[in-house]
Amino acid sequence: MYRYRTAGDPGGSVSEVATGDELPPLRARVTRADLVRYAGASLDFNPIHYSDRIATEVGLPGVIAHGMLTMGLAGRVVSEWIGDAGRVLSCTSRFTRPVVVPDDDHGAVIEFSGTVTAVDDGVATVSITAKCEGKPVLGKARATVRVD
Amino acid sequence: MGLDQSLIGRSYPPSAVYEVSRAKIVEFADALGDVSPLSRDPEAAREAGYPDVIAPPTFLTIVNLGAIDALAADPELGLDYSRMVHGDQSFTHRRPVHAGDRLRVTTHVDDISSRAGNDFLTLRAEIHAEGGELVCTGTAQLVIRGEA
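Going line by line, the protein sequences match chains A and B.
Take 119 as the starting number for the first sequence in my numbering and just add one per residue.
Take 346 as the starting number for the second sequence in my numbering and just add one per residue.
Just to be clear, a hint being listed does not mean it is correct.
With the C-beta cut set under 8 Å, the calculated list includes, among others, these residues of chain A facing chain B [stated by the list, open to error]:
| hint | residue |
| --- | --- |
| 1 | Val176 |
| 2 | Arg194 |
| 3 | Ser208 |
| 4 | Thr210 |
| 5 | Arg212 |
| 6 | Arg215 |
| 7 | Glu251 |
A few chain A residues that don't get close to chain B, going by computed Cβ distances all over 12 Å [unchecked claim]:
| hint | residue |
| --- | --- |
| 8 | Val135 |
| 9 | Asp162 |
| 10 | Asp266 |
Calculated directly from the structure, the hints in this document are not laboratory data.
Quick caveat: nothing in here was measured; it's all calculated off a predicted structure.
The beta-carbon is built from N, C-alpha and C at its ideal position, and this holds for glycine as well.
Produce the complete structure using the sequences and hints provided.
Structure, rendered in structure tokens:
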């Protein structure tokens with residue numbers, strides 16, 4: 119899982135951060151096993167994240183990933199880029215589309231990218247996109263990062 | 346159907362203390378595939394200027410979930426947990442969370458509205474360290490889907 123980092127040079131000098139900079143993208147594969155692990159780590163034991171029976175009872179196509187898992191991966195894109203999670207001042211996201219995770223060895227693949235949209239007074243604003251099967255799963259995902 | 350808008354402004358007493366451990370930070374980082382030494386190696390964290398290992402940016406979802414549970418347990422609010430989904434989430438950090446932090450969350454109902462048969466509740470979770478220092482503010486929109 120999560121081993122598909124494709125590009126990037128984390129650890130560059132933060133003073134050089136500029137509007138328009140692209141963050142190294144992340145391609146994360148999420149399987150049922152990853153959902154179980156995240157449930158235990160986050161203490162979010164909502165059964166829609168492990169039981170197809172309950173997920174379909176509430177109208178979902180099947181088990182879905184925790185929205186906060188997807189947001190956490192987006193946070194990882196930002197903290198790995200800047201090299202220090204303590205520089206992440208805020209993060210925000212809407213959960214616009216569920217990530218359905220089938221019960222097989224392949225799971226679902228979420229592709230993340232990020233762009234610096236502003237740098238002001240030592241704080242960079244980063245806009246993040248997260249897509250699964252080409253469709254956005256997070257809305258208005260942003261983080262602010264201390265870069266001074 | 347229809348949450349009582351007179352409950353806007355309601356708040357709940359501070360939670361029990363949640364003590365942040367090194368082990369939980371590593372578990373959470375593992376669940377996101379986050380390998381930063383700042384979350385794993387106390388020496389590396391101290392060299393970066395932190396008192397102990399620091400948490401990934403969305404770690405406080407653990408405490409925030411406690412805030413959501415506080416709302417779900419309020420009979421006057423009458424949230425139907427099975428019809429509730431997470432609409433959005435934000436965290437604004439005053440400082441990074443580190444191992445050894447002893448945190449309490451105070452939960453506030455900032456807004457309730459209704460649109461197209463669904464209810465929307467905005468929850469604010471103020472997360473304080475012992476001594477009262479504000480560490481993080483979490484804001485969540487919960488969507489309670491109307492019965493079809």
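- Message: Does Arg194/A hold up as a contact with chain B if the rule is Cβ-Cβ below 8 Å?
- Response: holds, 5 Å
- Answer holds if the nearest beta-carbon of chain B is closer than 8 Å to that of Val176/A; otherwise answer violated. holds, 6 Å
- Should the interface hint for Glu251/A be scored as holding, given a Cβ-Cβ cut-off of 8 Å against chain B? violated, 20 Å
- Hey, does Val135/A actually stay past 12 Å from chain B on C-beta? Consistent with the label, Val135/A stays out of reach of chain B, its closest Cβ about 17 Å off (over 12 Å).
- Message: Is the claim that Asp266/A lies outside the interface with chain B correct, judged by CB distances over 12 Å?
- Response: holds, 14 Å
- Does Arg212/A meet its interface restraint, that is, does its C-beta lie within less than 8 Å of any C-beta in chain B? Status holds, d = 4 Å.
- Message: Quick check on the hint: Arg215/A CB to chain B CB, less than 8 Å?
- Response: With Cβ-Cβ at 12 Å, over 8 Å, it is violated.
- Please verify that hint: Thr210/A, Cβ, nearest Cβ of chain B, below 8 Å or not. holds, 4 Å
- Task: Please settle this one: Asp162/A was flagged as non-interface, so is its CB more than 12 Å from every CB on chain B?
- Result: It is violated; Asp162/A is separated from chain B by about 6 Å at its closest Cβ, not greater than 12 Å.
- Task: For the hint on Ser208/A, just tell me whether its beta-carbon gets within less than 8 Å of chain B.
- Result: Hint holds; Ser208/A Cβ to chain B Cβ min 4 Å, cut 8 Å.
Against the hints set out earlier in the document, violations occur for numbers 6, 7 and 9.
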